[in-house]
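4 protein chains.
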Amino acid sequence: MSDETWLRTSIATSTADSITVRDRDLAGELMGRVSFTELTFLLVAGRRATAEETRLLDAVLVSLADHGLTPTVLAARLTYTGAPESLQGAVAAGLLGAGTVFLGVVEDTATFLAAILEDTDATDEAALRRAAEAAVSARTKEGRRVPGLGHPIHKTEDPRTPRMYAIADETGLLGPHLRLLRLVAKAHAAATGKTLPINGAGVAGAALADLGFPPALMRGFALVARTAGIVGHLAEEMAQPLGMPLYQEVDRRAVYEPGEDSKS
Amino acid sequence: MSDETWLRTSIATSTADSITVRDRDLAGELMGRVSFTELTFLLVAGRRATAEETRLLDAVLVSLADHGLTPTVLAARLTYTGAPESLQGAVAAGLLGAGTVFLGVVEDTATFLAAILEDTDATDEAALRRAAEAAVSARTKEGRRVPGLGHPIHKTEDPRTPRMYAIADETGLLGPHLRLLRLVAKAHAAATGKTLPINGAGVAGAALADLGFPPALMRGFALVARTAGIVGHLAEEMAQPLGMPLYQEVDRRAVYEPGEDSKS
Amino acid sequence: MSDETWLRTSIATSTADSITVRDRDLAGELMGRVSFTELTFLLVAGRRATAEETRLLDAVLVSLADHGLTPTVLAARLTYTGAPESLQGAVAAGLLGAGTVFLGVVEDTATFLAAILEDTDATDEAALRRAAEAAVSARTKEGRRVPGLGHPIHKTEDPRTPRMYAIADETGLLGPHLRLLRLVAKAHAAATGKTLPINGAGVAGAALADLGFPPALMRGFALVARTAGIVGHLAEEMAQPLGMPLYQEVDRRAVYEPGEDSKS
Amino acid sequence: MSDETWLRTSIATSTADSITVRDRDLAGELMGRVSFTELTFLLVAGRRATAEETRLLDAVLVSLADHGLTPTVLAARLTYTGAPESLQGAVAAGLLGAGTVFLGVVEDTATFLAAILEDTDATDEAALRRAAEAAVSARTKEGRRVPGLGHPIHKTEDPRTPRMYAIADETGLLGPHLRLLRLVAKAHAAATGKTLPINGAGVAGAALADLGFPPALMRGFALVARTAGIVGHLAEEMAQPLGMPLYQEVDRRAVYEPGEDSKS
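In order, the protein sequence lines correspond to chains X, Z, W and E. Here the numbering used here is used: the first residue of the first sequence is 38, the next is one more, and so on. Here the numbering used here is used: the first residue of the second sequence is 38, the next is one more, and so on. Here the numbering used here is used: the first residue of the third sequence is 38, the next is one more, and so on. Here the numbering used here is used: the first residue of the fourth sequence is 38, the next is one more, and so on.
Treat the hints with care, as some may be off.
Since the list can't tell identical chains apart, any single copy or any two copies may satisfy a pair.
Said to hold, decoys possible - Straight-line Cα separation of at most 20 Å, EDC-like style, residue types lysine to aspartate or glutamate; simulated pairs:
| # | residue 1 | residue 2 |
| --- | --- | --- |
| 1 | Lys192 | Asp54 |
| 2 | Lys178 | Asp145 |
| 3 | Lys192 | Asp288 |
| 4 | Lys231 | Glu179 |
| 5 | Lys192 | Asp62 |
Hints were generated in silico from the structure; no laboratory data involved. Given the structure is predicted, the values throughout are model-derived calculations rather than measurements.
Taking the hints into account, I'd like the entire structure generated from these sequences.
Here it is, written out as structure tokens:
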């Protein structure tokens, strides 16, 4: 490794008598002094969160952690059924479904909002409103959905949304992305005559953007949150298995359909 | 699904206008009111943590989150090199190495301590000391290592250990497992003449046991903690890639050795 | 990398105009000349398989590839539901359930047979029979199941078993592990009065052992075989999704049970 | 499950005395009669391959299986270092890096070729040439690379390419995608004055397209092939570990850089 400029990190290091994480002494400055959420912020952003930022990030993580027996939770529990010796395998299987369909909304919303904000003075409420209307109009003309709006279950209001706005407001962190998202929802209702609620994934994306995180990293926070949810489900699976009876039910009722191919 | 007693969960559920996690209203009772660590405790244990338990669990999570460029972090970063479109894949790859070699110590220590405590009155310090001595003696006679002792880098003292004991003491959570582990370390030093420090994984296992978690679930907390560390590393990898140059370095220096098999 | 004796491999290497796999020129000696099964044998064993060995290994891989909507297949399909952008994630999720519960039998059977063969002259049929009887007796006395016997669906005979024995016989590869497994099944029937069939996983383990593979590697062949099955299921999932309706069905019928914990 | 039209599969099913895979009796019609490659084709395509198709698919699988110590292989070996109890975890970690960067070329090439063929009469060689020239010209004008051309190591010729063409020719399977890819390479050289070789991933994509597989499934074949390569590397890792010394080397030489953030 003649030229080692690439072999460097600013995340963590250790010596015989110390461990350093993001320039802080792990034992003396972090353990017992910061919450795990503060540590997560520090690890990803490379700086300490303020108390207000921590409160908002906590709300985001709490909002994303678990929603019951989702496809990813079912995948984790079915994986545990076959490989109970490897809790990490079941958790990993659960995280692997955290892709574009469910979690994509978080970053799609943030990306959509950021593109609007690039060309708009966010301190000018009227300009922001016009930009929201233009972006919604352009999007719906293309026949594309506006990200962050609508939910299959919470058709009128996603309960997480007003709560997240209230927390952002209380903490003084109601930033341009969160404000713009509300204008986008209004513009969408005006343009289409159909009021769609801001969904929990969308508001999480806007909040993470106002906390300063780029879209490409947002899924990372969702993954931290989901890991806790999956571990909770696996704790339940150990005591009260659902994977095996689910498989047996599927096996009992599945219909085998011969293919169209005549045998050769 | 004629008999659906198996298709039930106590983790989470939702209706059109509410989401419930472990019997609490997600928006009203959890978001903005509990930290992510409190939510994690609630998800896994099914009950609210006290402030003291939260503080100790935070210390455990913070202590386990990251230790720099470990094998699992390298696996995550190398996976990101090939599949940057799938952050969840890189995180999952990183978690998959969280197996018996590195994280096994957490649960092995807890299991070892629990076995001793099963037959011992933990309130009787002298009895506890004798039980520690007997268990260490039995273990070393079998030629097996006592779990939770010794560290390849922190040869004299693992800096996390005294800190974790101090936090447990401050929070009134210095329970039987943590107390016993200290007696085990002393008994080991007395029996072998070699003083090995209690390592960070061992003290985490004892602390999680005193928090009431069974060994089979402990890896779950480590996985939550590690996910944050891995996401931090992937944030760095995006800005300053290490995976590709590491591969190139390996490729450049690796020696291909012909096999012993003569060609057939 | 001062001392690079560790940075070496005998698997593959390449130069500007050639690729070498296990000492063979990939383009000139392998592509178009060996089947993928022969390549798999070569990669893992480091030597070319004979035509007979290839035929038996093909039969093992074919026997293990797919059994319909198993827990691991369901996990793969549910993962695809959330992350269709990452076929590798869905396949990986499917493989992660290939653990001790379902695939463990392959290596458990091989390990059980190998332990008996260690102390027995396999060419002496009578000695082999006595060893089988003793091992079965010891195992059942301990209250443990004899690995490789019994199947939840194929209660009388697993159709793969007589076929595998016929192929092993035809290819002259009916080795000590396969012969012993048959004696083990007979000894078990005699000792317990209950005739259990040799199952497909058990006969695969015995065949792989007779092909010279150690138990620790056997799961690897099962993983190669399963990958093909999972890809087949994902091809079907793309055309005719099962993951989303399965989740919706679970969501619709799952019962949320409040926990025992009174709120705090 | 009132309406179960969704709970059906054409892949496999079993009864007490039979297992059916794609309408064939597993024991009687597949084991001992088809190679694993034929089974893979059957599982994914839903029909039997001809002998010629099998030979070409074998060549594709053989060509993709292994290329030495790639990032994905390193990830698999480093994962095994931490979790040797879970071979499936190490294999899964290795597959997770099989994403857009390395394997994307297979499907990108097929997609690029298919788009050209949609509007071109493939039996008219001159028309095909003109279409290739137009597509290359359009692509390079956009400043985008033509997929399937160029290789970091095989700068003049990828040895797999002429071999694959020879096998396709011998088997009568030199279809429109493979023929077009050669014209694309020529058009690129003429347009840019720079001769780039058709790479192994590109030729694999064209061959899989000529075998009738859609781009979205191609990665699946690469995953089957890679699984064999990874298992080969893990067999070597068990005997001669590379993961731990690689980590130790990285740990020894990595430089910790304090962040820009002044402590807060």
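field: Homomeric proximity label, Lys178 with Asp145: Cα distance no greater than 20 Å
entry: within (18 Å within a copy, 29 Å between copies)
message: One pair to classify: Lys192 and Asp62, alpha carbons no more than 20 Å apart. Within, between, both, or neither?
response: Between. Shortest inter-copy distance 18 Å satisfies the 20 Å Cα cut-off; intra-copy 48 Å does not.
query: Given identical chains, is Lys192 near Asp288, meaning Cα to Cα at most 20 Å, within a copy, between copies, both, or neither?
result: between (34 Å within a copy, 17 Å between copies)
- request: First find the shortest C-alpha distance between Lys192 and Asp54 inside one copy, then the shortest across copies, and answer within, between, both or neither for a cut-off of 20 Å.
  value: Only across copies: Lys192 and Asp54 sit 8 Å apart there, 55 Å inside one copy, limit 20 Å.
message: At most 20 Å between CA atoms: does that hold for Lys231 and Glu179 within a copy, between copies, both, or neither?
response: within (17 Å within a copy, 39 Å between copies)
Hint compliance for this structure: every hint is met.
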